[in-house]
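Please model the complete structure; the sequences and the hints are all you need to start from.
Chains as they are written, first to last, in the working numbering: chain A, 9 to 219; chain B, 6 to 568; chain C, 134 to 259.
Mixed in with the good hints there might be a few duds.
[Stated by the list, open to error] Taking CB as the label site, the calculated pair distances span:
no., chain 1, residue 1, chain 2, residue 2, range
1, B, 147, A, 137, 28 to 36 Å
2, B, 344, C, 145, 50 to 58 Å
3, C, 169, A, 113, 17 to 25 Å
4, A, 163, B, 73, 33 to 41 Å
Treat the hints as calculated values from the structure; they're not laboratory data.
Note that this is a predicted model, so its numbers are computed, not measured.
Idealized CB from N, CA, C, for every residue including glycine.
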Amino acid sequence: MAELTADHLPAVAHDDHGHMSEEEHNNNMKLGVWLYLASEIVIFSIMIVGYIIFRINEEDIVAQAHEELGVGLVTANTFVLLASSFFMVMGLRAMQQGNRAGMLRWIGLTALGGIVFLGGQYIEYSELAHLGIVLGFDTASEWSTFGMRFYAPTFFHGAHVFVGVLWALEVLRRGARGRYDNNPIGIEMFGLYWHFVDVVWIMLFTLIYLV
Amino acid sequence: MATIAVPLGAQAEQQEAEAIRRPALSEYLRWSVDHKIIGVQYGVSSFLFFLIGGAMAMGIRLELWTPELDLMVSGAAYNSLFTIHGTIMIFLFIIPMWAAFGNFVVPLQLGAKDMAFPWLNAFAFWLIPPAAIVVLLGYFVSPAEAGWTSYPPLSTLFSGDGQTLWALGAHLLGISSIMGSINFIVTILNMRPPEMTIWRMPLLCWAVLATSIIAVMATPFLAGALTLLLLDRVAGTTFFDAAGGGDVLLWQNIFWFYSHPAVYIMVLPGMGVLSEVLSIHSRKPVFGYRMVGLSSMGIAFVGFTVWAHHMFTSLQPELRIPFMITTMIIAVPTGIKMFSWLGTIWGGKIRFTSAMLFALGFLSLFVIGGITGVMLAALPFDIHVHDTYFVVSHFHFVLFGGSVFAIYAALYHWFPKVTGRMMNERLGVIHFFFTYFGFLFTFFPMHIVGMLGMPRRVAVYAEGFQAWNQLISLSAFVLGFSTFIVVYNVIKSYYHGPIAGANPWRALTLEWQTTSPPPPTNFVDDPIPFEEPYGYGTEASAAYLDAVDEAFSRGAPNPASGH
Amino acid sequence: MAEAMRHEGERHSNTVRLLGREITVEGGVYTVVFGALAVLTVIEVLSAEFLKGAIHDLPEAAATLQAIKAILLLGIAIIKSSLVIWFYMHLKSEKPLIAVVILLPLLIAGLSIMYLLAIPPSGYGV
Chain A
9 MAELTADHLP AVAHDDHGHM SEEEHNNNMK LGVWLYLASE IVIFSIMIVG
59 YIIFRINEED IVAQAHEELG VGLVTANTFV LLASSFFMVM GLRAMQQGNR
109 AGMLRWIGLT ALGGIVFLGG QYIEYSELAH LGIVLGFDTA SEWSTFGMRF
159 YAPTFFHGAH VFVGVLWALE VLRRGARGRY DNNPIGIEMF GLYWHFVDVV
209 WIMLFTLIYL V
Chain B
6 MATIAVPLGA QAEQQEAEAI RRPALSEYLR WSVDHKIIGV QYGVSSFLFF
56 LIGGAMAMGI RLELWTPELD LMVSGAAYNS LFTIHGTIMI FLFIIPMWAA
106 FGNFVVPLQL GAKDMAFPWL NAFAFWLIPP AAIVVLLGYF VSPAEAGWTS
156 YPPLSTLFSG DGQTLWALGA HLLGISSIMG SINFIVTILN MRPPEMTIWR
206 MPLLCWAVLA TSIIAVMATP FLAGALTLLL LDRVAGTTFF DAAGGGDVLL
256 WQNIFWFYSH PAVYIMVLPG MGVLSEVLSI HSRKPVFGYR MVGLSSMGIA
306 FVGFTVWAHH MFTSLQPELR IPFMITTMII AVPTGIKMFS WLGTIWGGKI
356 RFTSAMLFAL GFLSLFVIGG ITGVMLAALP FDIHVHDTYF VVSHFHFVLF
406 GGSVFAIYAA LYHWFPKVTG RMMNERLGVI HFFFTYFGFL FTFFPMHIVG
456 MLGMPRRVAV YAEGFQAWNQ LISLSAFVLG FSTFIVVYNV IKSYYHGPIA
506 GANPWRALTL EWQTTSPPPP TNFVDDPIPF EEPYGYGTEA SAAYLDAVDE
556 AFSRGAPNPA SGH
Chain C
134 MAEAMRHEGE RHSNTVRLLG REITVEGGVY TVVFGALAVL TVIEVLSAEF
184 LKGAIHDLPE AAATLQAIKA ILLLGIAIIK SSLVIWFYMH LKSEKPLIAV
234 VILLPLLIAG LSIMYLLAIP PSGYGV
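Written as structure tokens, this is what we have:
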């Protein structure tokens with residue numbers, strides 16, 4: 009076997025003990041989150057298509073619903089979510105500049121934005137429930153078929169905001185202990201998720217409340 | 006002579022001296038983030054579900070022995086039996102079984118130490134047992150009766166609570182499948198050694214990559230549809246109920262958005278296995294490597310455009326022809342693979358090992374399944390045999406004759422790597438003949454009864470079909486029996502099989518460059534891939550294989566020379 | 134490496150070139166994008182309200198106006214989403230692979246939605 013050598017082959021760039029380099033690790037994490045978001049796009053598309061079909065076929069009910077709902081509350085809510093997305097990216101920027109306190113402040117505002125949004129959604133749902141718009145099918149109600157198409161996508165989105173708020177709190181907890189001082193990838197991953205939730209809301213807001 | 010680049014590490018020689026080092030069996034019952042352990046966990050649990058699902062198939066065949074109800078108390082009981090049979094075989098056996106081989110083999114073939122996200126990998130696996138419990142519990146509570154496709158209104162207005170549990174379980178399994186697939190994609194794209202370009206990847210990795218892309222893009226459709234189905238069942242919505250302004254066809258469309266691509270989730274990895282096994286056991290480079298890799302991607306993408314051929318009878322008529330055409334187009338990349346496999350073994354030094362026999366079995370059976378697929382794509386014919394045993398025969402030819410034969414080929418091929426011991430080849434050959442002929446006489450006659458008009462999913466059939474059904478049932482029992490041969494073989498070989506050595510099949514892909522079973526970090530030295538993964542006949546590979554032979558001739562057992 | 138440094142630098146600069154002018158603001162491009170999102174949202178809501186009134190007042194042109202409204206509003210929503218994805222999610226500085234990862238499901242989901250909208254639903258009109 010002596011004449012068999014691998015000497016002149018290019019050295020392999022792995023390090024010794026199987027630990028990935030930080031850059032490799034970050035790339036993997038980011039690609040993983042993007043792929044996850046890719047699958048979320050498809051799930052949301054199913055939720056949304058149910059609404060669009062309804063929107064096309066039952067113009068009157070939708071117009072009436074718009075009349076009752078108004079756009080004031082939901083516009084304010086949209087602003088809150090857009091702002092929280094901005095706070096999020098500012099938090100990441102602060103951490104990338106090495107400013108841990110700034111990061112904590114911005115991410116704290118992000119979480120607060122999410123909570124306010126959920127509060128707004130709660131108020132809206134209560135008002136709708138008052139009008140008799142409920143999730144289940146009810147032959148007695150003139151809204152019988154509107155509720156489920158409306159609640160399914162918005163509640164599914166709201167659940168994502170809720171998870172996002174929990175994630176933000178976890179980022180705050182870890183960030184306060186200096187977890188992201190050297191490698192802010194954890195914040196970036198949460199940021200991708202949070203911005204994605206924001207993008208979904210941008211589309212839902214337009215499709216459900218405005219068009 | 007100048008030194009020849011040979012990627013033979015110290016491992017092969019080490020192997021001779023040392024006894025094989027396997028993880029303790031208790032490791033497999035615990036949470037572990039090692040991809041090799043997780044691979045075996047997937048494999049063993051899926052095989053258990055295969056046995057359960059198989060026992061249910063035996064029940065189905067027993068019921069069909071006579072044209073009347075005898076084993077079952079009612080038609081509904083029969084409905085729930087084939088529903089749970091299909092659900093187990095698809096969601097709990099085939100799909101996770103490919104995750105087993107993918108998990109064990111893909112990181113090794115890439116020369117990586119583990120998957121990209123080891124923790125996520127373990128989590129994806131551990132979602133399966135609770136999901137399985139939920140699904141099986143549903144069967145015993147008040148079973149789902151709507152078939153594995155769960156079309157409403159059967160699944161919304163008529164089935165019992167088992168249907169709700171079925172949907173929950175399928176939801177969990179879908180999430181598990183998405184997480185596993187994200188892991189595969191990141192691993193394959195990001196964790197190759199620098200000198201292994203995407204065009205030098207083993208074909209199993211290509212197949213797993215294509216499969217995972219489908220799983221990530223298609224499984225969420227199922228998740229969305231199941232969410233709506235669950236809402237319909239528990240929250241009183243009427244997404245799929247026309248009486249409440251819903252749309253029954255919406256389910257069929259969304260379900261097949263997922264489930265047709267999912268057909269390729271079930272068979273593409275098998276096609277990857279076939280390229281590996283046929284090349285290695287006939288010692289020839291894969292014919293048309295690039296086209297085979299690309300055809301996997303081609304199947305993945307065309308697979309998204311054919312779903313409505315499952316709905317020929319519920320589709321509006323003007324859309325039938327377009328879907329007939331796309332369905333026929335998908336036969337083209339599949340045909341490319343077929344010719345590549347034939348070209349690969351053509352003129353090779355074929356070893357009729359058990360793995361090779363099952364691969365050849367796949368070739369012969371899958372071509373029948375493929376051709377009946379094209380027949381079913383043809384609209385006039387499909388309308389005639391729609392919902393008959395012809396369809397049952399078709400999908401068992403591709404899922405059993407295809408996927409399961411590939412799973413057996415993969416089992417015989419990689420068992421030495423997983424356990425360090427060879428499987429018993431004589432038992433393997435016996436297993437193959439029982440399985441092959443059992444399969445053929447079970448499912449081929451179904452074509453005939455199907456064309457004669459016997460509908461699927463019925464427990465009571467016209468008396469004229471009884472002779473055919475008894476032949477089918479008898480063969481099915483032989484097929485069922487054959488499974489025990491491989492179970493016995495696996496258990497016996499695990500303890501008493503001959504020591505395998507690092508590379509019993511003289512393969513060139515990276516998983517064979519480490520010990521069998523591989524150490525926890527997979528490789529002692531960094532492995533160096535050959536320029537081509539199937540580069541038999543190159544100077545480097547010849548020198549490498551000579552060295553392997555020499556290692557074996559100095560005392561290591563040499564199973565490959567036995568035939 | 135230099136490329137990466139340049140991206141980092143760009144990300145953290147407080148100065149942005151916009152329409153040929155240099156703007157300096159805390160947060161740089163992120164703040165400018167937020168401003169754009171806010172303005173676009175206001176435009177969106179106002180034009181939706183305006184067109185709703187117009188549809189009400191001109192019933193004979195309702196179908197056309199409704200189509201204009203849908204296209205205009207969805208166009209603005211897509212621009213807003215793209216801004217978030219491009220700047221906040223940093224698609225701008227990612228590898229092309231990431232763009233494929235996000236475009237592929239959009240394509241598949243988009244085509245599926247179009248298909249479901251194009252076929253007549255079986256449940257309505259009962």
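Compare the structure with the hints numbered earlier in the document and write down the numbers of the violated ones, lowest to highest.
Of the numbered hints, just 4 does not hold.
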